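Asker: Modelling step: build the complete structure from the supplied sequences, incorporating the hints.
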Amino acid sequence: MTVENLTALLISVPFIQAFIVLFLNRNARRQMNQFFSVCNLSIAGYTFYLFHSTKINSIIVGGWSDVLGISLGVNHLSSSLILLTAVIFGSCNFYQYTLDKTLSKKNSENKNSSFWAVIYILWASLNALFLSRDIFNIYITLELVTLSAVALIAFKKDAKAISASIRYLFLALVGSLFYLFGVALLYYKFGILNIDLISTTIDLGGQPDIITYYAFTLMIVGLCIKTAAFPFHFWLPPAHANASTIVSAILSAIVVKASFYLIYILIGTLFIDTISTPFKYFIGLIGSISIIWGGLMAIAQNELKKIAAYSTVSQLGYLFLFAPLLIGQSDIPYKVEAIVLLQIWSHALLKTAFFLALGNVILISGKKTLEAITSKRVRTHGKKSIMAIGIIGIGLIGLPPSAGFLVKWYLLSESMTYLLWPFIIPIILGSVLAAIYIFKILEKTITQDTIAEDTNNKTSDIHSLCQWIPLGLATLSILVGVFSSFMIQFGELS
Amino acid sequence: MTTLDGPTIFKVTSILMIVLGLFGFFIRPHFIQTIININIMAQGIFLFFIATSKSTSLAVNSSVINPTPHAMVLTGIVVAVCSTAFSLYLARILYELKNKTSLAEDKIQKHGKIKNRSQEDVL
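Residue numbers (the numbering used here), protein chains in the order written: chain A, 30 to 523; chain B, 922 to 1044.
Think of the hints as simulated: they come from the structure by calculation, not from any bench. Model, not experiment: these values are computed from the prediction. Some hints could be false.
What the hints assert, rightly or not - Lysine to aspartate or glutamate pairs mimicking EDC-like chemistry, simulated, CA-CA at most 16 Å apart:
| no. | chain 1 | residue 1 | chain 2 | residue 2 |
| --- | --- | --- | --- | --- |
| 1 | A | Lys364 | A | Glu443 |
| 2 | A | Lys189 | B | Asp926 |
| 3 | B | Lys1021 | A | Glu400 |
| 4 | A | Lys186 | B | Glu1017 |
Answerer: Below, the structure written as structure tokens:
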């Protein structure tokens, strides 16, 4: 088995699973879902292993020449992100499996066969997006990711979720069209679509011209809309807070990172010479405002899932701080890539754990607001979920053993080395704000008396495994920090 | 732009369509209008692909038109049709659930309810 065959399997296997799952009944589907996850997880893991042992990276589908054919490639970042996608989808899948064990049929009725089909289509399109090395093919995968993500939110058929999904869909469509116009301009200029070929052509051409600048600006603006960078962040909190638990977890953990990954490879490989120093500062500024604004809004929220959603906006801001570190560099230093990779891993694991733990608390108490924490049932049945939120706090604030600490420490030390003083304030302030919104949740467990039990029947008992999954993911994110030297070394080697 | 030949006219038209679609997207809140505006923008981009297909020709003889942009436009049209159908479906569900035809806040909605109704009937 070579990397070439594996790239084909990574895309085609989840698509085939999406069609199989449509024809299964409820019990068969629950068993097969676990089997499918293990399948995809092992393919992703083997790709990661094989890439790091052989370092073959790019193939052209169908044996065409590299000017006409669609090229797929594995690099250090994408192999790691494919593995992360598989870990997140696998754990969400398993969470839903254990949840279905205890919940009545009525509660899980909206997780029907088409829901699972869309989950697998999203998985396949994310894999395809991480593998694509062709700017038009990236547009197609971007649209697939958007449409399936919006469909997953809309599966919860209440008015709030539907209006959130419509707002997300409209903005994401306009974002994609901005990107597509950028593709049109680049094709007009260069006549090729392959990222690596365009990047060498730009290098050879010397000073990039005005069309390249326009294409660059349009593509970055379009992708910023999809990544929820500061002025365009307003669609994210309602969309992520109103979806069902595992959908929120998947969207916050992976889907927003997919469009960020594109910003990163566009700036890092395609436009590394086009992008000017003020623009790098500007992207850093957008990230800084996102960090502070997301943190402030998270503190102001009363709904549990809204807090987690605004925390996503804040944590995504840290990713954008990679751009100012590239000032004066003609190539991405491995250290910057390690920072981006660590932040993506740590945030994805933490946010999945956060949404699953909050989902547990909401199910146990039957309430969606901060009051849920003070409910007596959470104190007796939901201890492990509260403990998971505590560990997640360590990661989000950035206390020493976690990966979040390493990211912030690297960002601070690099900013000081390159004399980027303005970016030090948001990095520290983001941690302080994260501490405030995490302790706003945690202090309710200690200080306030339990409120009288409601007699509504919304509360439900959940399987104890449901509580172990967020706890396990939160611990895993701490372990990523402990063993991060391993990941950074990978970056150094490649 | 010294001579006003075919490709130039189409290029200018496509840029105009993109700008008009974007402008309409921001000022028109009604779902149907938003969806149509997004489509106008998409069609503008497709027109740009077609208008520039002659100058991106890879062949030595420049009278041969490059077919790759046409293939991309075909793919783009399929994506546009799918996303239009999907957004129409979502808009319809929201109309059935909440009687809403735009994402505007409920306050404004109360005043414009009857007006929206009649618009919906016409459409």
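Asker: Now tell me if each hint is right for this structure.
Answerer: Checked hints:
At roughly 9 Å between alpha-carbon atoms, Lys364/A and Glu443/A fall within 16 Å of each other, so this suggested pair holds. Between Lys189/A and Asp926/B the CA atoms are separated by roughly 51 Å; this puts the pair beyond 16 Å, and the hint is violated. For the proposed pair Lys1021/B and Glu400/A, the alpha carbon gap of about 31 Å is over 16 Å, so the pair is violated. At most 16 Å may separate the alpha-carbon atoms for a hinted pair to count; Lys186/A and Glu1017/B meet this at roughly 11 Å.
Hints 2, 3, counting from the list given before, are not met by this structure.
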